[in-house]
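Given the coordinates of chain A, assemble chains B and C onto it according to the supplied hints.
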Amino acid sequence: MTLLGRLGARARTVGGLLRHFAHRRRFFLVPFLVVLLLAAILLLASGGLAYVAPFIYTLF
Amino acid sequence: MAAVLGISAYYHDAAAALVVGGRVVAAMQEERFSRLKNDPALPRQAAAACLALAGISPGDLDAVVYYENPYAKLERVMTSMARDFPRTFGQFPRAIGSQLGSKLWVLDQLAEAIGVERRKVLFTEHHESHAASAFLTSPYPEAAVLTVDGVGEQATTALWEGRGAALRQLGAIDFPHSLGLLYAAFTAYLGFEVNEGEYKVMGLAAHGAPRFRAEMDRVVRLESDGSFRLEPRFFAHTTERDVGFSPALEALLGPRRPPGRPFDLDANPDDRRAADVAASLQQVTEEALLGLARAARARTKMPALCLAGGVALNAVANARIAREAGFERVFVPPAAGDAGGALGAALIGARDLGDPRPPALATAALGEPFDGGAAADLARALGLTPTAPPDPAAAVAQRIAAGQVVAVCRGRFEWGPRSLGQRSLLADPGRAESRERLNRVVKQREPFRPFAPAVAAAAAAATFAGTPNDMTPFMTTVARVAPARAAALPAVIHVDGTARVQTVTADGAPDLSTILEAVGRETGDPIVLNTSLNGAGEPIVAGPVDALAFFLQHPVDAMLIGDALLERGAP
Amino acid sequence: MSRRALALRPLVARATAGIVWGSPRWAARVLFSFAHAEASSRLDLLAAARRTPSEARRALYLRHALDETRHAQLFALRSAELRGKRGLPPLGLVRPDSEALFEQLGELGFLAFVHRGERRGRQQFESYRAHFARRGDDRMRALFDAILTDERRHESYTGALLEELAGGARGARRALRRAALWEAWRRWRRAGRALAGVAYAGAMSALYLVLAPLALALRLRPAAGSRWLPPPGPSAGEL
Numbered sequence: 001m002t003l004l005g006r007l008g009a010r011a012r013t014v015g016g017l018l019r020h021f022a023h024r025r026r027f028f029l030v031p032f033l034v035v036l037l038l039a040a041i042l043l044l045a046s047g048g049l050a051y052v053a054p055f056i057y058t059l060f
Numbered sequence: 061m062a063a064v065l066g067i068s069a070y071y072h073d074a075a076a077a078l079v080v081g082g083r084v085v086a087a088m089q090e091e092r093f094s095r096l097k098n099d100p101a102l103p104r105q106a107a108a109a110c111l112a113l114a115g116i117s118p119g120d121l122d123a124v125v126y127y128e129n130p131y132a133k134l135e136r137v138m139t140s141m142a143r144d145f146p147r148t149f150g151q152f153p154r155a156i157g158s159q160l161g162s163k164l165w166v167l168d169q170l171a172e173a174i175g176v177e178r179r180k181v182l183f184t185e186h187h188e189s190h191a192a193s194a195f196l197t198s199p200y201p202e203a204a205v206l207t208v209d210g211v212g213e214q215a216t217t218a219l220w221e222g223r224g225a226a227l228r229q230l231g232a233i234d235f236p237h238s239l240g241l242l243y244a245a246f247t248a249y250l251g252f253e254v255n256e257g258e259y260k261v262m263g264l265a266a267h268g269a270p271r272f273r274a275e276m277d278r279v280v281r282l283e284s285d286g287s288f289r290l291e292p293r294f295f296a297h298t299t300e301r302d303v304g305f306s307p308a309l310e311a312l313l314g315p316r317r318p319p320g321r322p323f324d325l326d327a328n329p330d331d332r333r334a335a336d337v338a339a340s341l342q343q344v345t346e347e348a349l350l351g352l353a354r355a356a357r358a359r360t361k362m363p364a365l366c367l368a369g370g371v372a373l374n375a376v377a378n379a380r381i382a383r384e385a386g387f388e389r390v391f392v393p394p395a396a397g398d399a400g401g402a403l404g405a406a407l408i409g410a411r412d413l414g415d416p417r418p419p420a421l422a423t424a425a426l427g428e429p430f431d432g433g434a435a436a437d438l439a440r441a442l443g444l445t446p447t448a449p450p451d452p453a454a455a456v457a458q459r460i461a462a463g464q465v466v467a468v469c470r471g472r473f474e475w476g477p478r479s480l481g482q483r484s485l486l487a488d489p490g491r492a493e494s495r496e497r498l499n500r501v502v503k504q505r506e507p508f509r510p511f512a513p514a515v516a517a518a519a520a521a522a523t524f525a526g527t528p529n530d531m532t533p534f535m536t537t538v539a540r541v542a543p544a545r546a547a548a549l550p551a552v553i554h555v556d557g558t559a560r561v562q563t564v565t566a567d568g569a570p571d572l573s574t575i576l577e578a579v580g581r582e583t584g585d586p587i588v589l590n591t592s593l594n595g596a597g598e599p600i601v602a603g604p605v606d607a608l609a610f611f612l613q614h615p616v617d618a619m620l621i622g623d624a625l626l627e628r629g630a631p
Numbered sequence: 632m633s634r635r636a637l638a639l640r641p642l643v644a645r646a647t648a649g650i651v652w653g654s655p656r657w658a659a660r661v662l663f664s665f666a667h668a669e670a671s672s673r674l675d676l677l678a679a680a681r682r683t684p685s686e687a688r689r690a691l692y693l694r695h696a697l698d699e700t701r702h703a704q705l706f707a708l709r710s711a712e713l714r715g716k717r718g719l720p721p722l723g724l725v726r727p728d729s730e731a732l733f734e735q736l737g738e739l740g741f742l743a744f745v746h747r748g749e750r751r752g753r754q755q756f757e758s759y760r761a762h763f764a765r766r767g768d769d770r771m772r773a774l775f776d777a778i779l780t781d782e783r784r785h786e787s788y789t790g791a792l793l794e795e796l797a798g799g800a801r802g803a804r805r806a807l808r809r810a811a812l813w814e815a816w817r818r819w820r821r822a823g824r825a826l827a828g829v830a831y832a833g834a835m836s837a838l839y840l841v842l843a844p845l846a847l848a849l850r851l852r853p854a855a856g857s858r859w860l861p862p863p864g865p866s867a868g869e870l
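Residue numbers (the working numbering), protein chains in the order written: chain A, 1 to 60; chain B, 61 to 631; chain C, 632 to 870.
Here chain A stands alone, though its shape is the one from the complex (with noise of 0.2 Å):
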């Protein structure tokens, strides 16, 4: 698959992520997927982490 592909693909869950919190019962969770979009930028950085950080590790 294509990085454009990749990324379309993203974009078609995270819409449907937002489609099925955009409910009324579900609301309340809103800052809470705030939160998570958070972790998931840790998580996505902290991946990219895996490349560099032996090399900042073996420097200090």
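Honestly, I wouldn't trust all of these hints.
[Unchecked claim] Quick list of simulated restraints, FRET-style, between CB atoms:
#1 Arg581(B) <-> Glu730(C): 49 to 57 Å
#2 Ala226(B) <-> Glu712(C): 26 to 34 Å
#3 Gly802(C) <-> Ala101(B): 32 to 40 Å
#4 Thr447(B) <-> Gly802(C): 26 to 34 Å
#5 Ile116(B) <-> Gly802(C): 36 to 44 Å
#6 Ala596(B) <-> Ala646(C): 49 to 57 Å
Derived by calculation from the structure, the hints in this document are not laboratory data. Backbone N, C-alpha and C fix where the C-beta goes; we use that ideal spot for every residue, glycine too.
Frame of chain A, contents of chains B and C only:
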């Protein structure tokens, strides 16, 4: 005419199932390919094998349907983490990381792994997948459908009304009240591995007495409307990583049994207590299921019942439901657990694309065919000497009659956890030593584990009460052995006088049917001991490499690989 | 404990043998990790047996896989015995993992990787065998003796096969160098993932505190009613 691939993955027993033009073409678990028991990983190999068997490419697929709603699953994990705050502190990073790292993106991963456009990847609901896997493969035009498992998105139990190809949910019981998680917690308490040891608990139960029933009634309450509730303080599903029970359960029932310690029911009082706990658990589980089934009967007034979900693998409970719940007929598919969700998802997808409901499932032989030629070539490369008996079935029957243990690899491997003749170990049910040898030496199992018989369907009723029935072709129920026949079948009768019998027809298991005919000619009794062809902790054998590995590693007397025969000790 | 953590160089293995094997509990863990490594290797070899186009190599990989099975059982059994002597239960079932190495590396790369692994394992086990021989521990020495017989054979046949597939010694050396680079990159990434995992867990623990008000809100919400068999009404339609 649509081609729909159904997928279950990421929790346990990942699988792929292909439905083309409304017909079930293939269904396979990933563990058979990866050789990792209960492999939960995305079933790439199983999916590829399904497509290859059908001769279609990913581009030919009209839809790929995942067996549960990943968004609703995330919602339940979120609310569970929050509800049990702050005790979920230890689990939080792992649980959320698991969801956000992979499970939430499963639909994208499927598109990439299988090679289809993302817009073709859909999902259904977990318990609906289970319901479809049972009802849409059953012989019933209408039925009540009960799905009972650990947990799906939110529901742990659901009742459905099935008519034609349609399923309508009538009610549900939600997490954390779950018979599947109850059984899993006790599986861990008794020292077995969760998702693998539940069968062992069921086998152990027959060796005990339900003297802890009063304690169990404090753990799970059976309601008058047929539902049930778990007492939360005895469980720790969201706060304990490795076991699902809390210290309160050990305070109630005594310390947990250490995992890995060998069983000795004769000499060890702790093991006898464990058997009594297992018996108490089994009794309350049966009564809970009976309550659900009776409520289903009262509500739907349907003459037939379908069962699915991991708890429907409890064959002893299924027999009790068939006897006491008031239904005329009961059906449990061969893959009632999460793997079956893949088939259910595919069937729902096919139905929604306008294809008709498939014919009733006549066989569980939905896997890859066994390549006998390749197996014989590999055997020769390994220095073995395969022979070509003129009548393979007769050759197997003669050896069984002589007291040998014979492995059979022919045809397409089975869908679900049972070996039904395509990948089986067969032995004489009339010799008690068959059971001892198989348990201790070949399969290295606990001594209390029973073995099961396979019998020609036409001859079943004389030995096994209430057979054949809709469950017996797939070994999803037990039957009482006629007392007059018990002495003739010591290797396959469990300590409680029952057997998890397979009734065999030429349509359902043609190779085993032929072997049983030959056994009948040899011994006068078309019955064999039939156990799964796998070593301890391994998935059932799939192809030639696994088969030869098993033969070289385990002391069976002979193995039929396609039409060729390998014999231990042959020059 | 994983095979990665215990992929000690032979000199390091010799130097640390006293520490590694000094405590029976620690020794049991080490043996269990060896069992895990052997069981995982078995999976990779079975996959190689299924995928290789050569019948002869299929048989070789299968035999090798069976040896790994036996090694895993021997190590797991000894681990359980050491634990049992202390009144402790075994460390559980050996649950192997698979990296789909044959798929990732191709057959030549896979052979080079396995050959390097067998050589390293042979050297490591030889130093442990010598350690137990010096200590007079005949049981442990015999365990490693039994396994070393196979390890030497594995190292030998994989080396021969590698040369055959690579078209000679030069090609084999090239494949071994590529395998060494791949392993180094894999070790780097694993170390990075481990460190990143620590960073992630720490940050998530801090984020967890943000859940407190939500937890309170959830507890204040009225509990959802039972969904089990509400009284039958007009047909709700199909799902």
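Going through the hints against the structure:
Taking 49 to 57 Å as the suggested C-beta distance range, the pair Arg581(B) and Glu730(C) conforms, at roughly 50 Å. At about 59 Å, the beta-carbon gap between Ala226(B) and Glu712(C) misses the expected band of 26 to 34 Å. The hinted range of 32 to 40 Å is satisfied by Gly802(C) and Ala101(B), whose Cβ atoms lie roughly 34 Å apart. Look at Thr447(B) against Gly802(C): about 41 Å separates their beta carbons, and that is not inside 26 to 34 Å.
Distance hint for Ile116(B) and Gly802(C): a CB-CB separation of about 39 Å, consistent with the stated range 36 to 44 Å. A hinted range of 49 to 57 Å for the beta carbons of Ala596(B) and Ala646(C) is inconsistent with their spacing of about 37 Å.
Hint compliance for this structure: hints 2, 4 and 6 are not met, and every other hint is.
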